[in-house]
Amino acid sequence: MCPALVGKVEIVGWKEPGLEQGTTHTMMSMEDFMDAHVNHDSTRNNMPVAPFFFPKSKPSGPDLLFFIRIDGCRVVPVFIQMKLHQGSSNFSEKDWNEALSTVSAAKIESHAKDFRKYCPNNVYISMIVAYPTKWTDKLPPLSKLEQDESGVKQVVINVGDDNFGDIFPKEHVEFIDRLKNARKRTSGDDDSNGEDCKKQRS
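Whatever position you read off the sequence shown (first residue = 1), add 90 for the working numbering.
There's no promise every hint is true.
Subject to a maximum C-alpha distance of 25 Å in a straight line, what follows is the list of computed SDA-like cross-link-like pairs (lysine to any residue) [stated by the list, open to error]:
1) K146 x G97
2) K197 x M137
3) K98 x H115
4) K184 x D238
5) K148 x R164
6) K98 x T116
7) K184 x V165
8) K173 x I247
9) K98 x C163
Note that these hints are calculated values from the structure, not bench results.
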């Protein structure tokens, strides 16, 4: 485990249950979202910024972005690729590599060119959520992943059937399930229809 990620974790900008928790690329850019949470106490133009950000679907990139705060001080962005299914399905090493590419530097940069500026502890998390699913191949050891030449470290977290319940409490499972359904309803939509995920609720 990366030492920078050890400690008590909270989601940056989290509000009381029932309040609006998500915003989209139609409201602000990814860099504006990251700047708000890292440099402006989760506000933009003196208004609170929701904790979850939904990027545009094209070009390919993360499905979801949020920040975590560790031990009240270390702030780390979490880029998520969600492979959520109505029923159990298989997930191969090829599928994993494709999913990982969407939450790695090259494709993150297509949405936020200077995203490393908002990694104040020189680390970011790439999380692949494949659920419910069966991993059909042994994944390559994380030590073999390419390191970011900038000095910003990528930490990969795989979430599947075996650890989904350990990482996400029941209310988060339900929240992610709603995200899955919202994205399914709007799959194939272009950027002109970004309101689908504007107001996800915890």
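So, going through the hints one by one against the coordinates:
Taking the CA atoms of K146 and G97, the gap is about 32 Å. The hint is violated against a cut of 25 Å. Using a Cα cut-off of 25 Å, the hinted pair K197 and M137 is violated, with the two alpha carbons roughly 29 Å apart. The hinted pair formed by K98 and H115 fails the criterion: a straight-line CA distance of about 30 Å is larger than 25 Å. For the suggested pair K184 and D238, the alpha carbons sit about 21 Å apart, so the restraint of at most 25 Å is met.
With a C-alpha separation of about 31 Å, the suggested pair K148 and R164 falls outside the 25 Å cut-off, and the hint is violated. Between the alpha carbons of K98 and T116 the distance comes to roughly 32 Å, so the proposed pair goes past 25 Å and is violated. Proposed proximity of K184 and V165 is contradicted: the alpha carbons are some 31 Å apart, above 25 Å. At roughly 14 Å between alpha-carbon atoms, K173 and I247 fall within 25 Å of each other, so this suggested pair holds.
Using a Cα cut-off of 25 Å, the hinted pair K98 and C163 holds, with the two alpha carbons roughly 10 Å apart.
The structure does not agree with the numbered hints 1, 2, 3, 5, 6 and 7 stated previously, though it agrees with the rest.
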